[in-house]
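Now that you have both chains on their own, put them together as the hints suggest.
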Amino acid sequence: MNAVHGRYLQIDLSSGTATARQLTEAVFARLLGGVGLASYLLYRFCPPGADPLEPENPLIFASSPFIGTGITTASKIAVVAKSPQTGMIGDSLSSSYLALALKRTGYDALVVTGQAPSWTVLAVDDGEIRLLPAGELLGLDPAATAHAIRAELGSGFRVAAIGVAGECGVRYASISNDGRLAGRTGSGAVMGSKRLKAIAVRGTQRLPVVADPRGVVRAARELAERSLGPGTAKYRELGTAANLAFFSRLGVLPTRNFQAGTFEAAEAISGERLFLEHRTDKHGCAACTIGCEHHYRTRDASEAVEVRLEYESLFALGSLCGISDPNAVLRAAALCDRYGMDAISTGSTIAWAMECVERGVRLPGSPDEWPRFGDAGSLVRAVQTIGERRGLGDLLAEGSRRAAEIVGQGSVEWAMHVKGLELPGYDPRKLKAMALGFAVSTRGACHNRSSAYEVDFSDQLDPHAEALAWASAAASSEDRAAVLDSLTVCKFLRHCFSDFFAEAAELFALVTGLPMTAVGLRLAGERINTVKKLFNLDQGWTRADDTLPPRLLSGEAGGLTAAELDRLIQAYYCVRGWDEQGRVPPGRLRELELAELLSQDGRMMYGYAG
Amino acid sequence: MSTGTTAVRVELFGSPQLLTGRRQVEVPGRTLREVAGALAHEFPALAGSVIDPATGWLTGGYIFVVDGRFTRDPSYPVGPGSTVLLVSAQAGGVS
Ligand code: SF4
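Order-wise, the sequence lines are chains A and B. Just add 13 to the spot in the first sequence (first one is 1) and you have the numbering used here. Just add 111 to the spot in the second sequence (first one is 1) and you have the numbering used here.
No lab work stands behind these hints: they were computed from the structure. One or more hints might be untrue.
What the hints assert, rightly or not - Example chain B residues on the side facing chain A (calculated, C-beta under 8 Å, incomplete):
#1 Glu122
#2 Gly125
#3 Gln128
#4 Ser160
#5 Val177
#6 Gln201
Claimed, not checked - Interface residues of chain B toward chain A, partial, derived using beta-carbon atoms under 10 Å:
#7 Phe124
#8 Ser126
#9 Thr166
#10 Gly167
#11 Thr170
#12 Gly172
#13 Arg180
#14 Phe181
#15 Thr182
#16 Arg183
#17 Asp184
#18 Leu196
#19 Ala200
In this text the structure is predicted, and so the values were computed from the model without any measurement. For glycine and all other residues, C-beta sits at the position ideal for the given N, C-alpha and C.
Next up, chain B with everything else stripped away, as it sits in the complex (with noise of 0.2 Å):
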């Protein structure tokens, strides 16, 4: 982690959980596209139905929840405080 930035606390839901072994991870980064880029970068596993690696960005099936609020704003600022999920962007049933 580059020195200088701060350290993100990230909890993650579903296949990013089951891809990274991880239910939650810590990466350097003040809004969540460096989030997203850190994340990619220490876990190779989530580049492709995660991470988009063209642009670096979350791709269409997930979302991230900063302090409650869902976002895929990727200038969206974040904090050592904040608390970040990392989930799917599908909820719900069919019947």
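Bound-form chain A, shown alone (with noise of 0.2 Å):
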């Protein structure tokens, strides 16, 4: 096949050895590239029941087929590890040039396991590999790390680094590279767990060539034509930030703590007048030519910050803890970006301790520093003893599931979370097939894995539309996100397909060579899909991971009860071909031609076994 080396390389920080591997063509036929390649990996590297902050964790980098070829939006590198926040698959993907960097060293994936044996820089140099004393960049924050090994090795070299968060084991520290975040599940946490500060990436190789350049240079002309049309004008022109006046105005804009889904200011910290008040210039990753990164700078008397800011940011560090202060989301938010750290997970857990607060339930720590909805400045210091781990930040850092655990009280009941994960801006109580997108989600609370909102935000289903036409619709577009994130294509591009899966597959089929039809894209998605599932039973999976928070069940204002999200997650494993249980039958391996992938180490439980 074409567009792919067709090897991956394996780094085992305790030892300071690399070892090249081989991928088979059925590999990248059957899983894409991408994300689906990275849970390929992760499967087969991370055994059951390993702690995810544990030498044995492996930490995955995964390319694709279509980075480097034009396509764009196509410059997106998924990032792989078991997650320290669901102990579950921590998938997540980061744009710009470390994507061709890496695809340019000559192979399609890097695999980091073990541990080193002190802070280190990890320099992968066209398949040569240097490890590097880090301790002086201990205390930067990404983006000055990278400035000071660029300056160091020389500015063919892409970063992807850690902050403090990630130093001091946040468990929802990220990973920044070219001012992108593979933001969400903690993978900074499992990079700092292993030592590592940073990993610089230089490739000088030539790209492997794709199967019919002058249909793929077409295809892309169009693509990139139609990425200027209706389907992305929002992203554009005022970016993600525009829902959050919207989804206010709908009842589902998550509100202290998911208390409420109106905010009452929320048109001050709305997008549109951010846009009029706080923008000061727009910006695009690697290779896009959607550009939908808008920047703000605060106008207040304290210094002033610019920051990127997209719609899940700015729900969770304005409304999600009753904050109406612009400046104050603007200057949280960076706050979050300069340690490394999640805004959704971090402002989801500071939105539990407000809750704790307004409730009477003790935290440790003066009552002084306590954050308390709608009060700026405890939310800014909040941030502030997260990212360094220290006082009442030390217990945050763990999580809102984790510290509602340790601090008891009942809190658990206000720990907004599915598996560990903290929800993102979406309020599931109106949003039938995001709620079961949440719930049934590989890795945790996510709108990004599901997309089910899709479903709720249009004139798809009629809302009393029976729980299997839910389930499908719900399925759909959990592969369609599957195929995108493994092709490495952005998000933002899938309105500008009107036949996603036929569109898709002839691209896929001219980069590759490879044949491709809709239906075995779909295909492709079910099975990238189950294979994070079969992850997940590995490491100890039960049908009751599958829920929401019980605040989303009570039925109250026509909301959803907890026997309607049964029926409904009862209906997804029958459209998924699972078991009651949720469980994958080992028929459905052999329909989806995945036994024998994923066989070859012997390990295959899938929860029926042991």
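Next comes the structure, spelled out in structure tokens:
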């Protein structure tokens, strides 16, 4: 096949050695690349029961056949490990030049195992590795770390780094590169546990050729033209921050830790207001024609900060914490970037603590330091203490699930997570497809791996449709998301296809030379989601993990009930061909052509053995 | 506004709000097609990126929400009591 190298580099930090290993064509034909490839490697390398913060947890970076082909937005790198938040698969994506650098090393993926004896920078230079001391970089934020490394090694290196949060083990620490983040599920904490401050990658090899160069150029040009049309207008014009006021109007804006779906001060922190009063500039990732990254500057008496802001950071550090001061939200978001941690989990864990304070639950530390709903200063201070794991921040760095288990006093009732991953900015009580998507998602509460909100925000289904119809729609959007994440094409491009699976299948064939149909690509999406599920099964997933926080299942004001969610989940298992306990029967694995691919190490349990 | 036609209140979000400088407008119309046509007529800034002048209907980037229902059905009936929102058809993030 074309457009891949057919090999990955396994790097053992404990011994300082690197080994090149082969990847068969079948892996790409069945799982495409990106998140699909990285999930496969995680399945093979991470033993059942591995502690996510111990050396046995591999940290995987994977590219895809589309990277370097000129297809717009295809500059994403998949970052996968067992998540220290969920104990299940943690997969995230980050954009830009790092992905291209990795592909130019002559490898399709890096699998980093073990633990360095002391803080280290891993330099990957066309497949040669060097472990360099990182002591002087400790305490630096990711951007400063990258700057220092490139100054020393050369600007040809692209750098992925952790900030202080990753160094001190904040469970939702992220990995940053080129100003972008592999944000969710705590890959930065995994990297920190390996004493790896940064990975610097330089690739000077020729990119593998595509199967039909002319066809790819033509298709890429057409897609680039469509990427400037109405399907991406919102992202280009206002960015995702535009969601906030509209979501509040619909009653689905998580407010004060999901105690309400409407924020009375939504106008003050709306995307429209931010655009008029705070926006400075717009940027894009490498190889992107859309450019959705809007930057904003604080405008108050304190020292100005400028920050990239998306809806998820805006809601989590704004309405979720009852904050109506846009300057405080921007400052808190900038701190999350500087410490290198996921803004959703940061905001949500602080909102949990705010509700503890509101309800009179005692927290560690001095009451003067406790965060309170609507108190902008206390929000910013809380972000700082988490980033440095000091005082109350040491508890909050564990995430809402663990913090609530430690504090007790009934506070697990308002820890708003699924499988340990805090909910993003969609109140699922009024969004049936999204509720199901959150509950069954393999990485915990996640809108991106599911994308089922699109069903709710459209006229696809009658609100009174049967559970099976909702389940089919949710599974379909989940499969499309898996394909996008594995071709490493940006989700913001999805509305530029009139028939996504058919057109993306044609692109895949032009790039790789492997035959692919719309049905085959949809099946690949299902297969990728199944591999993730198999990993979770191996790590101890049970039926009880597919649920929502109790607050969201009260049925109040016409919202979802536990019985309704259960019906939706059962329908979803049925659509997937799983048994009533959500396990994957061996026959389904054979139908998906996964049995042989995954059985090479003789480790196939999927909840049926043992 | 022509007599005999019902006035519909439309709340604008995102670019439509910035283009018109209004968060809420009132236009005549008994169906969403008529509402879209009236919007384009009264607010020429919406013609092009939000409402296609050739068809008088929404471009692919926008959708109406009528009483909580998302719809791009031009014949969808509306009246003075309807809650109509004009919003971007895209939602969601990437990472
Ligand atoms: S649309 Fe935005 S997130 Fe997607 S590749 Fe372009 S700049 Fe990056």
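Against the structure, the hints:
At a threshold of 8 Å, the smallest CB-CB gap from B/Glu122 to chain A is about 7 Å, leaving the interface hint in force. A hinted interface residue such as B/Gly125 counts as satisfied when its beta carbon comes closer than 8 Å to some beta carbon of chain A; here the least separation is about 4 Å, so the hint holds. Look at B/Gln128: its Cβ gets to within about 5 Å of chain A, closer than 8 Å, so that hint holds up. Proximity of B/Ser160 to chain A holds as hinted, the smallest CB-CB distance being about 6 Å (cut-off 8 Å).
Using the Cβ-Cβ criterion of 8 Å, the hint placing B/Val177 at the interface with chain A is not satisfied: the shortest such distance is roughly 10 Å. Of the supplied interface hints, the one on B/Gln201 holds, with its beta-carbon coming within about 5 Å of a beta-carbon of chain A, less than 8 Å. Against a cut-off of 10 Å between C-beta atoms, the interface hint on B/Phe124 holds, since the closest Cβ of chain A lies about 4 Å away. Of the supplied interface hints, the one on B/Ser126 holds, with its beta-carbon coming within about 5 Å of a beta-carbon of chain A, less than 10 Å.
Because the beta carbon of B/Thr166 sits about 12 Å from the nearest beta carbon in chain A, more than 10 Å, this interface hint is broken. Hint status for B/Gly167: violated, given a least beta-carbon distance of 15 Å to chain A, over 10 Å. With a cut of 10 Å, the hint placing B/Thr170 at the interface with chain A holds, because the nearest CB-to-CB distance is about 4 Å. Evaluation of the B/Gly172 hint against chain A yields a held restraint, the C-beta minimum of about 4 Å falling below 10 Å.
Look at B/Arg180: its Cβ gets to within about 7 Å of chain A, closer than 10 Å, so that hint holds up. A cut of 10 Å between beta carbons decides the hint on B/Phe181: the least distance to chain A is about 5 Å, and the hint holds. Proximity of B/Thr182 to chain A holds as hinted, the smallest CB-CB distance being about 5 Å (cut-off 10 Å). Given the 10 Å rule on beta carbons, the hint for B/Arg183 holds: about 7 Å separates it from the nearest Cβ of chain A.
The restraint placing B/Asp184 at the interface with chain A holds, with a minimum CB-CB distance near 7 Å, inside the 10 Å limit. The closest approach between the C-beta of B/Leu196 and any C-beta of chain A is roughly 7 Å, which is under the 10 Å cut-off, so the hint is satisfied. The beta carbon of B/Ala200 is positioned within 10 Å of a beta carbon in chain A (closest approach about 7 Å), and the interface hint is therefore held.
Checked against the numbered hints listed earlier, the structure breaks hints 5, 9 and 10; every other hint is satisfied.
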